[in-house]
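The chain contents come next:
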Amino acid sequence: MKLLRILGLIGCLLLIAGCGANTVTRGSTVNTSGGDDTAGDGFTGMEDSVIDTESEYAYFSKDYFDYEIGDRVFFALNESALSDVAKEILMDQADWLQRNPDTTITIEGHADERGTREYNLALGARRSEAVRTFLLQQGVGAVRMSTVSYGKERPFAACSDETCWSKNRRVVTLIEETAGS
Amino acid sequence: MHLALRVVSLLAIISFLGGQGLAQSRSDGPLQIEINEGIIQLFPIAAPQFIAESAGTTKQAKDITDLILSNLERTGLFRIVPESSHIGKITNFDSPVQFSDWKAINVDVLLTGAVAHGEDGNLVVKIRLHDVFAESSLGQGVLYRGTESNWRRLAHKISDVVYSRITGEGGYFDTRIAFISELGTKTNRTKRLTIMDYDGANVRFLTDGTSLVLAPRFSPEGDELIYTSYRTGKPSVFRLNLRNGRETRVLDTPDMTFSPRFSPDGKKVMFSRTTRGNTDIYETNLATSEASRITRNRAIDTAPTYSPDGRSIAFESDRSGSTQIYTMNLRGGNVSRISFGDGTYGTPVWSPRGDYIAFTKQVGNIFHIGVMLADGTEERLLSRSFLDEGPTWAPNGRVLLFFREEPGERGGPSLYSVDVTGRNLTKLDTPNFASDPTWSPLR
Numbered sequence: 001m002k003l004l005r006i007l008g009l010i011g012c013l014l015l016i017a018g019c020g021a022n023t024v025t026r027g028s029t030v031n032t033s034g035g036d037d038t039a040g041d042g043f044t045g046m047e048d049s050v051i052d053t054e055s056e057y058a059y060f061s062k063d064y065f066d067y068e069i070g071d072r073v074f075f076a077l078n079e080s081a082l083s084d085v086a087k088e089i090l091m092d093q094a095d096w097l098q099r100n101p102d103t104t105i106t107i108e109g110h111a112d113e114r115g116t117r118e119y120n121l122a123l124g125a126r127r128s129e130a131v132r133t134f135l136l137q138q139g140v141g142a143v144r145m146s147t148v149s150y151g152k153e154r155p156f157a158a159c160s161d162e163t164c165w166s167k168n169r170r171v172v173t174l175i176e177e178t179a180g181s
Numbered sequence: 001m002h003l004a005l006r007v008v009s010l011l012a013i014i015s016f017l018g019g020q021g022l023a024q025s026r027s028d029g030p031l032q033i034e035i036n037e038g039i040i041q042l043f044p045i046a047a048p049q050f051i052a053e054s055a056g057t058t059k060q061a062k063d064i065t066d067l068i069l070s071n072l073e074r075t076g077l078f079r080i081v082p083e084s085s086h087i088g089k090i091t092n093f094d095s096p097v098q099f100s101d102w103k104a105i106n107v108d109v110l111l112t113g114a115v116a117h118g119e120d121g122n123l124v125v126k127i128r129l130h131d132v133f134a135e136s137s138l139g140q141g142v143l144y145r146g147t148e149s150n151w152r153r154l155a156h157k158i159s160d161v162v163y164s165r166i167t168g169e170g171g172y173f174d175t176r177i178a179f180i181s182e183l184g185t186k187t188n189r190t191k192r193l194t195i196m197d198y199d200g201a202n203v204r205f206l207t208d209g210t211s212l213v214l215a216p217r218f219s220p221e222g223d224e225l226i227y228t229s230y231r232t233g234k235p236s237v238f239r240l241n242l243r244n245g246r247e248t249r250v251l252d253t254p255d256m257t258f259s260p261r262f263s264p265d266g267k268k269v270m271f272s273r274t275t276r277g278n279t280d281i282y283e284t285n286l287a288t289s290e291a292s293r294i295t296r297n298r299a300i301d302t303a304p305t306y307s308p309d310g311r312s313i314a315f316e317s318d319r320s321g322s323t324q325i326y327t328m329n330l331r332g333g334n335v336s337r338i339s340f341g342d343g344t345y346g347t348p349v350w351s352p353r354g355d356y357i358a359f360t361k362q363v364g365n366i367f368h369i370g371v372m373l374a375d376g377t378e379e380r381l382l383s384r385s386f387l388d389e390g391p392t393w394a395p396n397g398r399v400l401l402f403f404r405e406e407p408g409e410r411g412g413p414s415l416y417s418v419d420v421t422g423r424n425l426t427k428l429d430t431p432n433f434a435s436d437p438t439w440s441p442l443r
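So the sequence lines, in the order shown, correspond to chains V and D.
If you count the first sequence from 1, position 19 lands on 19 in this note's numbering, and the numbers rise without skipping.
If you count the second sequence from 1, position 228 lands on 228 in this note's numbering, and the numbers rise without skipping.
In short, the hints are calculated from the structure, not lab data.
This structure is a prediction, so every number in the text was calculated from the model and none was measured.
One or more of the hints may lead you astray.
Calculated pairs, SDA-like style, for lysine to any residue (alpha carbon to alpha carbon, straight line, at most 25 Å) [unchecked claim]:
id	chain 1	residue 1	chain 2	residue 2
1	V	Lys167	D	Ser385
2	D	Lys126	D	Gly56
3	D	Lys427	V	Ala158
4	V	Lys167	D	Gly321
5	V	Lys87	D	Lys427
Start from the sequences and build out the full structure, keeping to the hints where you can.
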C-alpha cells in the first residue's frame with residue numbers, strides 16, 4: 001500500500017502540474033520538495049509530503065492506521081498463511097507501531113461462515129497467531145499484543161457468497177490505547 | 001409385549017434401511033409399520049379426550065389430551081385417529097373397553113385417561129393403554145400427580161410412557177432444549193443462552209446478551225450447562241448451575257478454551273484449548289480443576305465427544321490436511337480416522353445409545369447432518385442445505401436436533417429435528433433466530 005503511494009508520488013514528481021492540481025482540490029498543502037515539517041507531526045522530507053498530500057489523517061492517528069495503512073489482512077479459504085500483500089500491510093503496521101510505542105493492540109482472527117463454529121474459532125486463532133508472530137518478527141514487543149479469535153461470529157460483510165466471504169477471512173489489528181488520547 | 005416387540009423390530013429395520021423401499025409382510029397381524037418407497041405406514045392410535053373426573057378439570061383434561069396427541073404426532077410414527085371418527089365413547093375410566101368399536105376404525109392402540117383434582121388441589125392424571133387387537137391392556141395403568149401449573153410436564157411424562165410402551169424405546173418428551181437465541185443484524189448479532197421445553201414452551205433467557213455465548217451442552221443430569229463465553233474478552237469455558245444460577249469458569253487460563261463437553265459421569269470436561277495459535281484437546285477434572293493435555297499435534301484438534309461408556313473420544317482434526325473425524329482412547333492413544341467420504345467432517349456427537357456418531361459434513365458449498373457407526377461404516381446423510389450444523393441427540397438416540405442457517409444478509413439460524421432415519425424433518429418454533437441446540441436427558 002505504502003509502496004504504491006510512493007510510486008504514485010514519484011509519478012507526481014514527473015508530472016508536477018497534474019498532481020499539484022489534484023492535491024490542491026483535496027485542500028492539502030503541496031510540498032513535493034520536502035524539508036519542512038508541514039504536517040507538524042515531527043517528520044520532514046519526502047515522507048512528510050506523502051502523508052500531507054495523500055492522507056486526510058495525521059500519521060499518529062488511529063484513523064491513519066485503520067484506513068491508510070489498513071487495519072486488516074485477508075486470507076485464502078481455510079488458510080492462515082500470510083500473502084505477500086498481507087505481509088506488506090503488516091510491515092507498515094509494524095512500522096507505525098514502532099513509532100507509537102505506547103499503543104497496545106488486540107489481534108482479532110476471523111473466518112467466513114463456511115465451516116463449523118468450532119473449526120472456525122480454531123482457524124481464527126491460527127490466523128491471529130500468524131499475524132502476531134509476523135509483527136513480533138518485525139520488532140513489535142510481545143507484551144503489547146494480545147490475540148482473540150471470533151471464528152465466524154463477527155462477519156464484516158453479510159452476504160453469502162465469495163465477495164463477502166473473502167472480506168470476512170481476516171485478521172484485524174485493533175489499536176487499544178494510544179498515549180495522550 | 002407382543003406389540004412392543006413387533007414395533008421394536010420395525011424401528012430397527014427403519015434405522016438400518018433408512019428411506020429405502022421396503023415392505024413388511026402382513027402375515028404377523030395388523031400391528032406393524034410398513035415402509036414403502038420411503039413412506040412409513042403410520043401407527044394408528046386413538047385417544048378420546050380424557051375424562052374430567054372432578055368439577056373444573058374439563059379444560060385441563062382437554063389440554064393434556066391435546067398435548068399428548070400433538071407430541072405423538074410430531075414423532076412422525078403415529079397417525080392420530082380423530083375423535084370425529086370414533087364410534088365408541090369412553091365415559092368412565094374404569095369401565096371395560098368395547099374393543100370392537102376401535103377395531104372397526106382400524107385403531108391399533110387406544111389410550112384412555114382421566115383427570116381429577118386430588119385432595120391437596122394438585123392434578124391427578126391416570127392413563128391406560130389398550131392393545132385393540134389383543135383386546136388387552138398394554139402394561140399397567142399409570143398415575144401422575146402434579147401442580148396445575150405443571151400440567152404440560154404431566155402430559156409430556158404420559159407421552160413418554162405411551163411412546164415407550166409402543167415402541168420399546170425410551171421417550172424424549174419430558175426434556176428441555178438449551179440453545180443460543182440470536183438477535184440483530186448478521187454483522188452485529190446479540191447471542192443469549194436460552195432454555196425451553198422440548199416442545200418450545202417456557203422459553204427462558206439465561207444470559208443478558210452483553211457477552212457472546214456459544215454452543216451450550218447439558219450435563220448428564222440435566223442440571224448444568226457448559227458453554228463458551230466471551231465474558232473475559234476471550235472465549236472461555238463456563239458452566240452454569242440451572243438450579244441456583246451460579247456461573248463459574250472451568251479453567252483459569254489466559255488461553256482460549258472452547259467446545260466443552262461433560263464426561264458421561266459428569267465429573268470431567270473435555271474441551272479445546274489454544275496455545276500460540278495451536279488448538280489441542282484437554283480434559284479437566286471438575287473437582288480438582290486439574291487439566292491434562294490429550295492431543296499433542298500442530299493441527300486443529302477440536303469438538304471432542306465422549307462415548308457413552310466414557311472410554312473413547314471422537315473428535316475432529318485437520319491433521320490430514322482436511323477436517324475429518326477421529327476416535328482415540330482417553331489418553332489420546334490409539335487414534336484412528338473414521339471419516340473417509342467426500343468433503344470435510346466435523347462436530348462428531350456420540351449417540352447416547354453408543355451406536356452412531358452424528359456429524360456435520362461439508363461437500364463443496366452444501367452442508368449435511370449425518371450419522372455413521374463408530375467405526376465409520378454405514379454413513380447416512382439426514383439433511384442437506386446451505387448450512388446445517390451442530391447435531392445433538394434426543395436421550396433415546398432416535399432423533400436429532402441441529403441448526404440450519406439461511407443464507408444472505410437477512411438469513412439466520414433455526415432449529416430443526418430429524419429422525420435418525422432421515423425422516424420427519426421438522427422446524428422448531430423459537431422466538432428469535434436460534435442455533436447451537438443441546439438436548440437434555442429425560443427429567
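Right, here's what the structure says about each hint:
1. For the suggested pair lysine 167 of chain V and serine 385 of chain D, the alpha carbons sit about 23 Å apart, so the restraint of at most 25 Å is met.
2. As the CA atoms of lysine 126 of chain D and glycine 56 of chain D are separated by approximately 17 Å, the hinted pair is consistent with the 25 Å bound.
3. Under the criterion of a C-alpha separation no larger than 25 Å, the hint pairing lysine 427 of chain D with alanine 158 of chain V is consistent with the structure, at around 24 Å.
4. In summary, the hint linking lysine 167 of chain V to glycine 321 of chain D is supported, as the alpha carbons are separated by about 23 Å, within the 25 Å threshold.
5. For the suggested pair lysine 87 of chain V and lysine 427 of chain D, the alpha carbons sit about 46 Å apart, so the restraint of at most 25 Å is broken.
Hint check: a violation occurs at hint 5 only; the rest are consistent with the structure.
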